[in-house]
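Could you build the full structure based on these sequences and the hints that come with them?
2 protein chains.
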Amino acid sequence: MEMWFTEKQTENVGITCKTGKTIHMEKTEYQDLALIDTLQFGKMLVLDGTVQTTEKDEFIYHEMITHVPLFTHPNPKKVLVIGGGDGGTIREILKHPSVEKAVLVEIDNKVVEVSKKYLPTISCSLDDSRVSVLIEDGIKYVQNNKNEFDVIMVDSTDPVGPAVGLFAVDFYQAIYQALKEDGLFVAQTESPFYNNSLISNVYRDIQSVFPITQLYLCSIPTYPSGLWSFTMGSKKYHPLTVEQSNKAEIDTKYYTKEIHKSAFSLPKFVEDLLK
Amino acid sequence: MEMWFTEKQTENVGITCKTGKTIHMEKTEYQDLALIDTLQFGKMLVLDGTVQTTEKDEFIYHEMITHVPLFTHPNPKKVLVIGGGDGGTIREILKHPSVEKAVLVEIDNKVVEVSKKYLPTISCSLDDSRVSVLIEDGIKYVQNNKNEFDVIMVDSTDPVGPAVGLFAVDFYQAIYQALKEDGLFVAQTESPFYNNSLISNVYRDIQSVFPITQLYLCSIPTYPSGLWSFTMGSKKYHPLTVEQSNKAEIDTKYYTKEIHKSAFSLPKFVEDLLK
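First to last, the sequence lines map onto chains A and B. Residue 29 in this note's numbering sits at position 29 of the first sequence, with consecutive numbering throughout. Residue 124 in this note's numbering sits at position 124 of the second sequence, with consecutive numbering throughout.
I should point out that these hints are in silico values taken from the structure, not numbers from a laboratory. Every value quoted in this text rests on a predicted model; they were computed, and no experiment measured them. Do not rely on the hints blindly, as some may be mistaken.
Any copy, or any two copies together, can satisfy a pair, since identical chains are not distinguished.
[Said to hold, decoys possible] Within a straight-line C-alpha distance of at most 27 Å, the following computed DSS-like cross-link-like pairs (lysine-lysine) qualify:
#1 Lys18 to Lys247
#2 Lys116 to Lys140
#3 Lys21 to Lys101
#4 Lys275 to Lys261
#5 Lys21 to Lys268
#6 Lys268 to Lys95
#7 Lys236 to Lys117
#8 Lys77 to Lys253
#9 Lys247 to Lys268
#10 Lys21 to Lys78
#11 Lys56 to Lys268
#12 Lys275 to Lys253
Now the structure itself:
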């Protein structure tokens, strides 16, 4: 007998993965949460039927949402993650010796609990002394903290359900306020193949708030289309004129100094989305 | 009623596409050939159950297998394509005004026939006066032509069935002989996520024959993992020191001068495969 989990990534295309057992399944206050064992990608966290992270390919997303902004800022000390309850982004943040404090604000405590229990290679840094995990609404948290953070990562689910408010110009304005005067932020902004109008709209919204706005890409096999985008808004530092030679070497499997630059080199059809 | 076509890309993961009608299906002398209508990607050519090309995303593969080598060579006049019976690579080659002659050697005439009939936006250049379409074994053709071509593209199916011999060091040696003294070639070399030992082996084999060997990447949603590799072997010209300013501007949707360079910037785990 073969079991396959299929995510419909759009109405008309999906990814299908051969599975072992379903390790955990529950309806939380915010979403349907499942933790399943897949033969290709190891353990997989699924929220509302959508792949969030897997043991085998999580390194790509977590490295790219973290190291691009943290190597753009010359001296990031205080960092905020909105969402990201699996802990992978926090794990990468703590590789930067300049970071003194990392705050994770996750709305759904069950994501943190299940990740701590079943995804130890991803959640391994959530109990570090430099980390505060807050279970609350990221939008309210950002609104209530001004001039606090060097870097903010919006490590959200797709713009349906609990994450809708994280793809809105009001939120980007609150992010701007929560950052220090030379701060910057990055948000995951979906697939250039399947979410092109979202990418255009988010880019324009961030551009209306931040003087420097740049989109970059990476390849993630379990995410729709395999090509994923992040959009950075920055008050002062430009990601392509960063001086990396004085930075610590960190251990990565995807990110390199060359990838830092080439990730901003966009296929023509993606460039065209941002015009 | 919903119909879905699923390709098992490995034993444990697949892509599934909502389909309209099956336009054509036959068992050719070499493989199972199907032409199906998909809602996400338009018409899709499938050989032995594996997606070859679709109307919506074919531009990526065809631009990247073509423009990277043709912009690396300073003056490509005579070009050979092994495989590629759908005609997309030929269409891109003819965008280069220096090209006087393009030879396509496809083993399966049914691929050419079906593409001409049902995929006119891809096969549109196969009847151009600069093009010769030969229905024969690409390996024998390469063995029988010495010192003939400026650039060769190996636009093959996966290394199972009719294409096995196109992933072998003997074939790369014959390619070397078929190229002029400053010639170069490129082969599609599968996914760095799912075919990592193949990529390592092919890279080493090409490196044993050519003084310059370089791997580059692009993102193709319908190919396994979404990340696809090409390996270039070159006798003289290096793809990263190419002077593009004297080249004609060509109309593309993926390739740009910046992508030409950034495509060679590899994620760390891919760099590690080539060591």
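Okay, the hints, checked on the actual structure:
1. Lys18 to Lys247: Result: close neither inside a copy nor across copies, 41 Å intra and 48 Å inter.
2. Lys116 to Lys140: Classified as within: same-chain Cα gap 25 Å, cross-chain 58 Å, threshold 27 Å.
3. Lys21 to Lys101: neither (37 Å within a copy, 57 Å between copies)
4. Lys275 to Lys261: both (20 Å within a copy, 22 Å between copies)
5. Lys21 to Lys268: Neither: 42 Å inside a copy, 32 Å across copies.
6. Lys268 to Lys95: between (34 Å within a copy, 17 Å between copies)
7. Lys236 to Lys117: Neither: 40 Å inside a copy, 55 Å across copies.
8. Lys77 to Lys253: within (24 Å within a copy, 41 Å between copies)
9. Lys247 to Lys268: between (32 Å within a copy, 18 Å between copies)
10. Lys21 to Lys78: Classified as neither: same-chain Cα gap 40 Å, cross-chain 56 Å, threshold 27 Å.
11. Lys56 to Lys268: This pair counts as between: shortest inter-copy Cα distance 15 Å, intra-copy 30 Å.
12. Lys275 to Lys253: So Lys275 and Lys253 pass the 27 Å test across copies only (14 Å; inside, 32 Å).
Figure legend: structure checked against the earlier numbered hints; hints not met, in rising order: 1, 3, 5, 7, 10.
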